[in-house]
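Visitor: Sequence:
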Amino acid sequence: MQQPLNHHLAELNVGRLVAPTDDPRVAEFMDALDRINGLGKRMPGFVWMMEGSGEPGTGNTDAKIGGDPQHVSNLTVWENVETLENFVWNTVHRQFYERRTEWFEILGEMHFVMWWVPEGHQPTLDEALEKLDHLRKHGNSDFAFDWSWLEQAELYKRGRCGAVAAE
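In full-length UniProt numbering, the protein residues as written are 1 to 167.
If you're looking for bench data, these hints aren't it; they were derived computationally from the structure.
Careful: at least some of the hints might be erroneous.
[Claimed, not checked] Calculated lysine to any residue pairs in the SDA-like style (CA-CA distance at most 25 Å, straight line):
#  : residue 1 : residue 2
1  : 131       : 66
2  : 41        : 156
3  : 137       : 105
4  : 137       : 71
5  : 131       : 16
6  : 157       : 37
7  : 131       : 105
8  : 157       : 91
9  : 137       : 157
10 : 157       : 117
11 : 131       : 142
12 : 131       : 4
13 : 41        : 98
14 : 157       : 44
15 : 131       : 80
16 : 131       : 52
17 : 131       : 100
18 : 131       : 88
19 : 41        : 96
20 : 131       : 110
21 : 157       : 4
22 : 41        : 117
23 : 157       : 97
24 : 157       : 99
25 : 131       : 107
26 : 131       : 70
27 : 41        : 52
28 : 41        : 91
29 : 137       : 66
30 : 131       : 112
31 : 137       : 16
32 : 131       : 148
33 : 131       : 79
34 : 157       : 3
35 : 131       : 45
36 : 41        : 152
37 : 131       : 6
38 : 41        : 95
Using the sequences plus the hints, can you model the full thing?
Guide: Given below as structure tokens:
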């Protein structure tokens, strides 16, 4: 799938922590959030991040899912696939991604989705959850997709997610 003209790539990643945010079992993850999010915001190709992304229990109701304080949602927009891939696979983010089973429950269903948005559009969490629901029910399409749908996702192909990522 090719990137439509005058569009950026939006992505939503959701997860549920194995323990409350103040529990020592998730302390290393919680302590790294500001650093990882800050790095992402400084990366070439970064466009936008939903406030409260990745911060469970924050006062920002835009980032909450079902009122569960252990739920984490991260919603960002990137210029293109390559810039998102660079952040995910070529920075310290990858080290935390590879350790995700230490901090997150296995959800039993897809928890990551991408889609194209017109330049300047800031998606809402409701919009993103609709995309995720569509992907879960119908699989990859132009409406909602995962890494495997994108021919240009070269770094993903080399660092392919294990089965746990899609569960």
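Visitor: Now tell me if each hint is right for this structure.
Guide: Comparing the hints with the structure gives:
no., hint, verdict
1, 131 - 66, "16 Å, holds"
2, 41 - 156, "21 Å, holds"
3, 137 - 105, "21 Å, holds"
4, 137 - 71, "21 Å, holds"
5, 131 - 16, "19 Å, holds"
6, 157 - 37, "24 Å, holds"
7, 131 - 105, "21 Å, holds"
8, 157 - 91, "17 Å, holds"
9, 137 - 157, "24 Å, holds"
10, 157 - 117, "23 Å, holds"
11, 131 - 142, "11 Å, holds"
12, 131 - 4, "17 Å, holds"
13, 41 - 98, "21 Å, holds"
14, 157 - 44, "21 Å, holds"
15, 131 - 80, "18 Å, holds"
16, 131 - 52, "20 Å, holds"
17, 131 - 100, "23 Å, holds"
18, 131 - 88, "20 Å, holds"
19, 41 - 96, "17 Å, holds"
20, 131 - 110, "11 Å, holds"
21, 157 - 4, "22 Å, holds"
22, 41 - 117, "18 Å, holds"
23, 157 - 97, "15 Å, holds"
24, 157 - 99, "19 Å, holds"
25, 131 - 107, "17 Å, holds"
26, 131 - 70, "21 Å, holds"
27, 41 - 52, "13 Å, holds"
28, 41 - 91, "13 Å, holds"
29, 137 - 66, "20 Å, holds"
30, 131 - 112, "10 Å, holds"
31, 137 - 16, "20 Å, holds"
32, 131 - 148, "16 Å, holds"
33, 131 - 79, "19 Å, holds"
34, 157 - 3, "18 Å, holds"
35, 131 - 45, "22 Å, holds"
36, 41 - 152, "22 Å, holds"
37, 131 - 6, "20 Å, holds"
38, 41 - 95, "18 Å, holds"
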